[in-house]
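Engineer: Now for the letters of each chain:
Number of protein chains: 4
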Amino acid sequence: MHTHHFQPTHYHTTIGSHEPVLHISPGDTVITTAVDAAGCDATGNQVTPPGNPQTGPFFVEGAEPGDVLVFRIEALRPTRVAGFSATVLAENVVDPDAVRTLPEPQGSSWQIDFDAGAVQLARPRTRLGHLTLPLAPMLGCFGVAPPRGQAISTATSGAYGGNMDYRGLGQGVTVYFPVFVPGALLHLGDAHAVQGDGEIVGTGVEVSCEVRFTVDLIKGRAPSWPRGENSEYIFTLGNARPLDQALQHATTEMTRWLVDEYGLDLRAASILLGQGVRYEVGNVYDPAYTIVCKVPKKVLAQIPVV
Amino acid sequence: MHTHHFQPTHYHTTIGSHEPVLHISPGDTVITTAVDAAGCDATGNQVTPPGNPQTGPFFVEGAEPGDVLVFRIEALRPTRVAGFSATVLAENVVDPDAVRTLPEPQGSSWQIDFDAGAVQLARPRTRLGHLTLPLAPMLGCFGVAPPRGQAISTATSGAYGGNMDYRGLGQGVTVYFPVFVPGALLHLGDAHAVQGDGEIVGTGVEVSCEVRFTVDLIKGRAPSWPRGENSEYIFTLGNARPLDQALQHATTEMTRWLVDEYGLDLRAASILLGQGVRYEVGNVYDPAYTIVCKVPKKVLAQIPVV
Amino acid sequence: MHTHHFQPTHYHTTIGSHEPVLHISPGDTVITTAVDAAGCDATGNQVTPPGNPQTGPFFVEGAEPGDVLVFRIEALRPTRVAGFSATVLAENVVDPDAVRTLPEPQGSSWQIDFDAGAVQLARPRTRLGHLTLPLAPMLGCFGVAPPRGQAISTATSGAYGGNMDYRGLGQGVTVYFPVFVPGALLHLGDAHAVQGDGEIVGTGVEVSCEVRFTVDLIKGRAPSWPRGENSEYIFTLGNARPLDQALQHATTEMTRWLVDEYGLDLRAASILLGQGVRYEVGNVYDPAYTIVCKVPKKVLAQIPVV
Amino acid sequence: MHTHHFQPTHYHTTIGSHEPVLHISPGDTVITTAVDAAGCDATGNQVTPPGNPQTGPFFVEGAEPGDVLVFRIEALRPTRVAGFSATVLAENVVDPDAVRTLPEPQGSSWQIDFDAGAVQLARPRTRLGHLTLPLAPMLGCFGVAPPRGQAISTATSGAYGGNMDYRGLGQGVTVYFPVFVPGALLHLGDAHAVQGDGEIVGTGVEVSCEVRFTVDLIKGRAPSWPRGENSEYIFTLGNARPLDQALQHATTEMTRWLVDEYGLDLRAASILLGQGVRYEVGNVYDPAYTIVCKVPKKVLAQIPVV
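Protein chains in written order, with numbering that gives the first Met the number 0: chain A, 0 to 305; chain B, 0 to 305; chain C, 0 to 305; chain D, 0 to 305.
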């Protein structure tokens, strides 16, 4: 169980079977950094082309197709105080006949106050003044190399993860990815200091970051879609367009989880989900949307251990 | 400001310009009852055909097309201890190729423990045992008469409300409906003792109920889609298929609210929503799905009063 | 087998259980007229409010819920030479980020040349000059009263027909509707002299019309969605949003037709459709879209008679 | 203007920036072969893993990002008489509650009669007997390397082409692709002897093939989505889920074509499309669906030459 300090020197704007930058073992911890979505580092200098540049990939020893890569975000912290964001709703999240009313694109800048745990709007000047939101860092884009030799743009997402842009993917969360290639090949980047549901302006408050994560491995039992958990919920992530299909993926994966790991039959899983499920909208902006299907651990605690 | 006690003698399975059962005035309170979705009353006897039978309509004096009907659920309480629910996920919320794995339809029964504030699964017998969820009564289907002389099935929903099946529509919530016909013609029914997001088995825990509500009127300024608020959030309700369109309706309505009532321009509204919006899935089962777009009042409090 | 001449004096902008204007018998022919979508008659005068006003309803003697109403358009002819149309693509048929480029709404006028069988653009003046298209009259909106006492806006459509806006529904076509109420209650209106697939500017070339139709009745065996046929194809009509769901309805209905009337099992129906099906886009503008699922009669002729 | 004979020795199941197998020049003709979707060649032997294996890529000299690759299918002919197909409708093209009624997967075999120009069902034995359809060979999957270094599964499609499975893409058709990488890197495979609209059983009648194609280059002016033409129509191809978005892509691309190449303004383009457009469903099975937006050349001929 080593702790690796890794400083990236190059980045990828696809998630694929790229040359690993580091070999790590199950149980290991990595402390590394990522540039922001525009390729800018902690000093604000652009060091690589934009488009959710990814740090990695990290090769996890022993990971084979069909395994589960356990990825836990132990700590996630912006590495600068200045964040940037878009300021116009995406055309696809408003009624088509309202698109004409949207203003022209323009940037906004935000300041992070680490002591206060807050993110504050610096400009433009609007009636919002210095709107202040709780600091809630998250990783927008991370995942493992997809199957079939594919290399897929960091604009989108799939069963391998990718640009899911779900605000729940921050410190303390554990994500379970299916492994498609030897070593799993973990990529990560695109931190946001804060983001609303859906990433409906097309960005969060974009920042460079330092991340401390651990990896582990579960042999076999790869899920069909990413799973995750935090202190309160277990959850699944469905990535697709339209939202209806993303929700189908996430819900189906949750039934598999309840059946395979909690010993429920599909009727019991249906009863539980019917009255107890929670959904969240990860993103409704990227080429693939993301829906999160959640079950409270408090409810699950009522199920006798298998 | 009278308090009316109204005991329904007949019900409607469309929302439309039916003969009013009671004339009430803005500011009035009504205490009434509704049968459950299957038409069963507090004694469990079926007293009217199934399909979300509606109590009402209530004619609100002075309500004219273009006005806003303010409907506040002051209290909502099941009138019996036995609730019923379906036990199989709707075919449209799982992956198409998983439909074949779903079990056959079968009912479940639940018992409400009012003292404990809980709803407990009575049968069928599964590994869930007597699964217990917090009692959280809500109204699945309510709204005002739609425009153009329409009478629309209580299976679906629209700008006039209807079968939105959003678990957030319970005690303490205020909903703002556009008025389409003189008197607004408020209908209500379809209580659930508890329901998960999306109503993904097609039902909540269905119960008859007693509801105490107040109405008020805001002249002119009818919204395009229902708006609402509770102690923590303002929210809008978009009803349509697919989810993508429901989300467009809800988001667009929220921008109108922020612009018209909070004095934001569309850029400020975009910034606020981009980093601060919350979405919920009302239902993803009925002919029209429901998405809820929410903004925390705590965030809105930062905007200077107009 | 009578021929009725019926001159409407009032119209409906919902399809519902309205007072019948005429009682007719299976086998009868009716010659009647309809105003255009804007409520204008053959002289161009507006005689009723706009919104696809319907002539009827016609009560078909003997029609009971569960029966099939056979509606055949024997002849359909505009009753004036001037037609009108919109000139801007609907916002929902272009990419969301292209909406801003669309021009402002403006009308166009067209002239029908009955001798030439052509429809010619009169204005506005564009590089299209006097664009001339083949005259191809169709009925945009027609159907039978929906179930459950509903009255549904003529803007939309469903299993009962309605505003399907499919250019294939012209002279020589036979449509088979499920009957939901005694007498079926047939409504019709909204003629177009010509229309592209999808009705993507929101209108065809709108005209008043004279229509000669016959009705017949098949006891029992109501389809779930409208079916139809012309000289070359049998077809089914699915009405819903999004297109994906409309296509599911139409395809499923076609499998039922092939199974119930042609004696195929579902595998044979799948094989036939997989390599032989044709789809058309009826409308992609109205609240419910319409997809048409077609099978060539030439292919069906290969199936031995049941 | 050379004619190259190229015999592939390996295949790709992604479309990407793979090592070119042949360098060709604008104006050149290539005669080559492709295995079927399952990787089987003209003798029926599987020579490469399944999944729409692609012949190529072909490097077109002079092609630079931003150019248009002109790809014309001069001749396309199955190289064996035996074709294979699935026999069950895809779960996603029927109503969700009809999925349970679908039969189990099973293959079918078909025989091509080149003299008769027909494709005949050999087995299974059903009421269809030896169902015979006109031979209509097409290429299901072909395109150019996508941007950003991506390598994308041949299961899906995008602006670069890919697995569009549109039955109109056969002999005599010309397709115009945007060029994303130097040399364009043309891939092709997945021939079908015949296919219905939508590829709704998930396959056409799958065959190995010989294809003769020519390439040409138009400098600059890359379209946003593939364009094409045959003797009767110009058309655009939109690839996305859901169908609604595919239709938006195709329609928007057609407006760009009409504006850029035919000198129409957007109002004139709208008028033309509103009354004259035709849509076809390419596929409604693959991860990205395909909609084709067509305009008859006969109609275009009325527009004065720019």
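No lab work stands behind these hints, which were simulated from the structure alone. You may find that some hints are simply not true.
No copy is singled out in the list; a pair is fine if it fits within one copy or between any two copies.
[Said to hold, decoys possible] Distance condition first, Cα-Cα at most 20 angstroms in a straight line; then the derived SDA-like pairs of lysine to any residue:
(1) K297 to T32
(2) K297 to A117
(3) K296 to G38
(4) K297 to P25
(5) K296 to S24
(6) K218 to L101
(7) K296 to G106
(8) K218 to S108
(9) K218 to Q6
(10) K296 to E18
(11) K297 to D259
(12) K218 to P123
(13) K296 to E90
(14) K218 to T173
(15) K218 to E231
(16) K296 to P133
(17) K218 to F5
(18) K218 to R124
(19) K218 to P303
Fair warning: this is a prediction, and the values are worked out from it, not measured in the lab.
Engineer: Would you mind marking each hint as holding or not holding in the structure?
Structural biologist: A quick look at each hint next to the structure:
1. K297 to T32: neither (35 angstroms within a copy, 33 angstroms between copies)
2. K297 to A117: Between copies only: 14 angstroms across, 29 angstroms inside.
3. K296 to G38: Neither: 38 angstroms inside a copy, 35 angstroms across copies.
4. K297 to P25: neither (29 angstroms within a copy, 43 angstroms between copies)
5. K296 to S24: Neither, since 29 angstroms and 46 angstroms both go past 20 angstroms.
6. K218 to L101: Neither: 50 angstroms inside a chain and 28 angstroms across chains, both beyond 20 angstroms.
7. K296 to G106: Classified as neither: same-chain Cα gap 40 angstroms, cross-chain 25 angstroms, threshold 20 angstroms.
8. K218 to S108: neither (44 angstroms within a copy, 40 angstroms between copies)
9. K218 to Q6: neither (29 angstroms within a copy, 42 angstroms between copies)
10. K296 to E18: neither (39 angstroms within a copy, 48 angstroms between copies)
11. K297 to D259: within (19 angstroms within a copy, 41 angstroms between copies)
12. K218 to P123: neither (50 angstroms within a copy, 35 angstroms between copies)
13. K296 to E90: neither (37 angstroms within a copy, 26 angstroms between copies)
14. K218 to T173: Classified as within; 17 angstroms inside a copy, 49 angstroms across copies.
15. K218 to E231: Intra 25 angstroms, inter 44 angstroms, cutoff 20 angstroms: neither.
16. K296 to P133: between (25 angstroms within a copy, 14 angstroms between copies)
17. K218 to F5: neither (26 angstroms within a copy, 44 angstroms between copies)
18. K218 to R124: The answer is neither: 53 angstroms in one copy and 33 angstroms across copies each exceed 20 angstroms.
19. K218 to P303: neither (25 angstroms within a copy, 55 angstroms between copies)
Comparing the model with each numbered hint stated earlier shows that hints 1, 3, 4, 5, 6, 7, 8, 9, 10, 12, 13, 15, 17, 18, 19 do not hold.
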